[in-house]
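Enquirer: The lines below spell out each chain.
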Amino acid sequence: MGKFILRRVGVMILTALCLTFIVFFLTNLYPNLEKLAKTQGNFRMSDEEVETYLNNNGYLQPTITKYGQWLGVLPGYVIEGTDGRTRAKCAEPGQPIEEAPRFCGVLQGEWGHSTVIKEDVGGIIGEKLALTGILMFWVMLLMVPSALILGVLAGMREGSRLDRSLSTFSITTTATPEYVSGVLFIAIFASSAIGLKWFKGTATSAMDNITFENFFLPVLTIAAYGMGYIARMTRASMAEVMTSQYIRTARLKGVSFPNIVMKHALRNALIAPFTVIMLQFPWLLNGVVIVETLFNYKGFGWTLVLAAGNNDIELLLAVSVISVIVVLVTQLISDIGYVYLNPRISVT
Amino acid sequence: MPKKPDYDGPILEIDSLSISFFTRLREIPAVMDFSVEVQPGEAVGLVGESGCGKSTVALGVMQDLGVNGRIVGGTIKFKGRDLKTLSPDELRDIRGNEIAMIYQEPMASLNPAMKIGKQLTEVPMIHEKVSEQEAYARALEVVRDVKLPDPERILKSFPHQLSGGQQQRIVIAMALMANPSLLILDEPTTALDVTVEAAVVELVKELGRKYGTSMLFISHNLGLVLETCDRICVMYSGEAVETGSIEDVFDKMQHPYTQALFRSIPLPGADKNARPLKAIPGNFPLPHERPPGCNFGPRCDYFEEGRCNQDIAIPMEQIAGDDRHYSRCLRFKEIDWNAPIQAMEQTKATEKGDVILKMDNLKKYYEVAANALFGSSGVTKVVKANETLTFEARESETLAIVGESGCGKSTFAKVLMGLETATDGQILLDNKNIEHIPIQSRDTQTVADIQMVFQNPFDTLNPSMTVGRQIMRALEIFGHGNSDEERQNETMRLLDLVKLPREFAERMPRQLSGGQKQRVGIARAFAGGARIVVADEPVSALDVSVQAAVTDLLMEIQREKKTTLLFISHDLSIVRYLSDRVMVMYLGHVVELGTTEQVFSPPYHPYTEALLSAVPIADTHVEKKHIVLEGDVPSAMNPPPGCPFQTRCRWKSEVPGNLCEEEVPPVRELAPGHQVKCHLADDILARMEPVIKIAAE
Amino acid sequence: MKDPLSWGAILGQMIIQFMPTIIALVITFAVSIYFKRRLGLYGKLFDSTIGMIGLALVLFWVFTAFFAGAFDMIATHDPLDQSAMMKKKLPGTPYSKLIGTPDPNAGAYYLLGGDNLGRDVFSRVIAGSIKVILIAPFATIFAFMVGITLGLPAGYYGGKFDTFLSFLSNLVLAFPVILLFYLLVTPEIVLTGIPVYMAAVLFIFPLVFLVILWNSRYHTQPGKRNLFVGITLVIGFWIYLGIAWDADPLGIISFPPNLLVVFVSVVFVNSPTVFRIVRGLTLDIKTRDYVAAAQTRGEGPWYIMLWEILPNARGPLLVDFCLRIGYTTILLGTLGFFGLGLESESADWGKMIIDGRRLLSANILHIAVPPAIALLTLVLGLNFLADGLREESLKD
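Residue numbers (the numbering used here), protein chains in the order written: chain A, 1027 to 1374; chain B, 441 to 1137; chain C, 2 to 397.
These aren't lab readings, by the way, just hints derived from the structure by calculation. This structure is a prediction, so every number in the text was calculated from the model and none was measured. Be careful, since some hints might not be right.
In silico lysine to aspartate or glutamate, DMTMM-like type, Cα no more than 25 Å apart, as pairs [what the hints assert, rightly or not]: (1) A:K1029 x B:E807; (2) B:K519 x B:D455; (3) A:K1144 x C:E189; (4) B:K558 x B:D522; (5) B:K792 x B:E1037; (6) C:K161 x A:E1239; (7) A:K1289 x B:E572; (8) C:K287 x B:D899; (9) B:K650 x B:E745; (10) B:K854 x B:D864; (11) A:K1092 x C:E392; (12) C:K225 x B:E592; (13) B:K803 x B:D870; (14) B:K872 x B:E860.
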């Protein structure tokens, strides 16, 4: 088992390196740098001015060198600019070059500086992750139990009326992307045109003070999209288990229906959905981005849009590292959990 | 609910039962006018081919027909109570408590995520409301009863940790936990190896006697029913056609179908040349395409136009003088049941030609990751799938390769075909070495020369291509014919060869029955004029009545084309019937090789002896020695040291010292052409008695 | 000045506008139901209520896009035409224009009102459908070609090749889709030419696929093989030059660069999932006896993959195809939602939704809700259709 996890962690690190390099490469393409220079300086910069700016700030080094510096395996640049100022990647504002450390990459815990928010990336990410964490916590709390209950109820008696209505409901929620359901929810529950006005149409105030009124709609919007999918998986798995021979054996042993479902079917039926729930994370991340934009909740997803829209390289890299790690860790958990749930696979 | 101990009528009475399944399009009658009764302590066999409704009867008794099935007529009485009138609660009390059921697939009928102990103790805890400790004690006792070693450990394991034979014993134990009055066994041994099957059957018989349980034994195998049951009921296409005691039905049959069935199975004494089998013509009717009048009419030798096909229901009639012996035939009183079989066309044994295939010390080892899921990080193990195979095959000879699962017969086929290359040794085809040439590198002629017929008819044809296209493709690949037209004609000729109508070229495989698919598979194998055909259990998945026809077809083509047939099988009856020479394999080793005569008579290799004894024979005149092997076939991943068979051999004590455990026995020639791989001394081998004796009539 | 229409009248007007679609739909259904026993799996769809509802919804948008795109029917106004008078006007408001002359062919009312720039919401929804119906299915087909061409050998051969491809596909799948879109679908990236290179790689797959398909099938008959491969190469290469490189020597085929980047990234995001499905199916089917039979008669690996394995995987693939078109539609909407890859003017459902979202707090619902409902019904239809297909194909 230890060896297996080690191998997986190795693959994870390799994947993370590949992905960050791709992000690094794409954000460091010249047109993107040009755009960055213009947003940092002014929009009427001439081509020469752009080039000078980029050169002075170390953007024109070879991509692989820059990547190494960002990672912290190569020493940060020290460049004497055309304007006579010497800039060092590792120097804090106001810090003399000589006192700056040689390395300042991710490995040293330096995530760099955001060009949009003008703050340290590490700090921004921490703050935004906390906000999104709260959102995700409530989403999970709403989504997973309701999806499992829906799926088990539907799959318990395949083809029954209950199954048909619950399945149709699940299909409908999977077919409704967050930006559609969010808009519809706001239109129905938050606008005075319909008149219900139960909830608030934005979640900005939830960043300081979460209430049912300002937080329920975003949570519901993300949960609804994922819920249908998990419910359908659970239903399929449950339906398959219910037609299996050992359930018939149990039935013909005289076990009552509730006991068949609870004692014999449930554990077997939940193996497949468990994996699915874990693999939902990449999807949920998408949902988070859309919903945070839609409800103006300034969390991690909102930051992603901000960073990507402004080619804020270091912020964007940090965002991708975090999301990649989230995805890969959940995959690992899903694999390990699968082994523990399924007695047929032995680890030793 | 307490059981009624004072009841002394029949345990189960089924009276004119009819069961139908309802689909969107139509009602499909699965069982019609079916009656049977089971007395206390009696074992009744229910025999028929797949689709005849025998399993439906069992499910009807359990009242578990699913959403689409319904009892549309008749009654099922259990201890005098009509099961149909019971409430769901009363029914639950009976299920598992008074009636228990055992199925075909032991692995599938045990809950994979629940420990064995829990699955067993559940039964008395539900029905008798006993405490967990008491139930556990009972479980231990029952597990001991089904002769499983180390009951405590078994109760703590999950089903996947047991072998197939052990799982089936657990299923039997589970059925016996509540000491039921009636046990329904639905093909309980089909998924097991022959030697394991024999042990399980032995166990069932013994437990039946010990607990005094009545049994309803469902099987397609007449031999098994003969060994286990007191009475038999033969079913055909949803109806019982003949019921009676085993002796009456086996020796004084009164229905043409029963007679035809017996004539189509290879009993000792049948011979492909002198006494060929008589296949039942035609096909089993689909449930919605049954003929008017007698269902068996269109395939019956005694069919009378205007009488047998009148659209009236034919009743079961009692045969005077016998004990509860019934037949559903209008003409049974007119038929001379003792008339000898109409002389079948006898054929001359073909001359064996030159040696065309020669194996010399062939070895095939695999490297397997020790752990499937977390593979490639762990250690690898070497599986010795084939060890020193040496034999030769001649033109127009049938060489049978016999063995149970894991004996390496499929690996051998793969190596011969070139799907795998040999680890060591040689394969000579016409004195050319081919063991190291993978199939992609073989020339067209070599590929066309060695072809294969597969086991599973439902898997052998590509489901999304017409039959004609698939044969045409084989012709194209073998470079046959210069134009599509020529190949088209050749396809028709091949369909004629396997006795299928030419229209079948346009059909999709799903429109064909199992036997017809197998014929197409044979046609495809012969498309390139194959000289060696490897037939991997070609008939074992087919119904009994179709088996004979397909076997005969193979024999006929062989005679015509002088093909060498390598017939892989676990069924010794059919092997005896059709092969010239037999090779017995066990865990990758050839343990015995000789002519059919030599292998089927003593001296035997101890494994051959056990195998012979394990095969059920549907003939009341045959006396068989009962040799029950302990345990299961060891895994090829982890074979025992020394002689592969030593863990189960009953002669082991006759060999001095630890020879069997330490050394692989050498190959010894007992008679010209008869080899045995065994340590037993000559005088002990000579003492062996025949396993099968045919009692003098 | 005319009076605004009542809700009933708006509905009536819309039905009249949709009449060509409705007629086509009714004819299709009548013919299909009449012949349903002879139409195979498609015919069986008409036994399942869910499947029929799904098909109706999908065909509704297909026909609408067809009539609107090919014959300029259904829509009442030019989707880009702005009228300052009509800004944020409620559904049913009579059409008027202050500056410039009104189009004489334009309808008398804005059936679903005007958007924030005074364009007709109804016509924009219709125009948006044309784009979706054009891109989503084709992008999905390309994703399938890529996924199949790579998934078959990965599953069939296994080993290092499989490990490598699986690693790549997991790599793409581990990317949050939106981040990928933000990186790929920007005007700056179009400048670097990366989308063209990606298109060059991705679009070669259908060509490779077809050539292998013919070659494996007919290599025993060189005449036939050369004919099929030749035709495929000539036509395929011509189309390939046109759409991937925008270098059609005849100048007929071209692909707008900003649409190309959208198309490429959607294909790119979808193909790893298809790859995984195909790989799994291949692993399952390759153990069947008919595959062994093909091997023992010396068939080449590609013949086995394309003619023995692939046709028997068609059921699950067909179901996934329907679902995936739906997912692609959602992705296209997401792109629009973040304003990626389009001209600011063009009618796009995702873009219309986010534009309308900003006015929801001002209690103006009619701008965001119609495109939301349009997208919802199309995706829902595809999901229902997939469910119906799955259910019916399992029945026998």
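Enquirer: Could you run down the list of hints and mark each one as holding or not?
Expert: Structure-based check of each hint:
1. Restraint check: the Cα-Cα separation between A:K1029 and B:E807 comes to about 21 Å, which is no more than 25 Å; the hinted pair holds.
2. Under the criterion of a C-alpha separation no larger than 25 Å, the hint pairing B:K519 with B:D455 is consistent with the structure, at around 13 Å.
3. Of the pairs offered as hints, the one joining A:K1144 and C:E189 holds, with about 23 Å between alpha carbons and a cut-off of 25 Å not exceeded.
4. Only pairs whose Cα atoms come within 25 Å are accepted, and B:K558 paired with B:D522 is rejected, the gap being roughly 32 Å.
5. Distance hint between B:K792 and B:E1037 is fulfilled; the C-alpha atoms sit about 16 Å from each other, no more than 25 Å.
6. Between C:K161 and A:E1239 the alpha-carbon distance is near 54 Å, which puts this suggested pair outside the 25 Å criterion.
7. Taken as a hint, the A:K1289 and B:E572 pair is honoured in the structure, with Cα atoms around 16 Å apart against an allowance of 25 Å.
8. Between the alpha carbons of C:K287 and B:D899 the distance comes to roughly 11 Å, so the proposed pair stays at or under 25 Å and holds.
9. Taking the CA atoms of B:K650 and B:E745, the gap is about 51 Å. The hint is violated against a cut of 25 Å.
10. Of the pairs offered as hints, the one joining B:K854 and B:D864 holds, with about 15 Å between alpha carbons and a cut-off of 25 Å not exceeded.
11. Proposed proximity of A:K1092 and C:E392 is contradicted: the alpha carbons are some 54 Å apart, above 25 Å.
12. Taking the CA atoms of C:K225 and B:E592, the gap is about 69 Å. The hint is violated against a cut of 25 Å.
13. Between the alpha carbons of B:K803 and B:D870 the distance comes to roughly 20 Å, so the proposed pair stays at or under 25 Å and holds.
14. Straight-line distance between C-alpha atoms of B:K872 and B:E860 comes to about 17 Å, which keeps the hinted pair within the 25 Å bound.
Going down the numbered hints, you'll see the structure goes against 4, 6, 9, 11 and 12, while the others check out.
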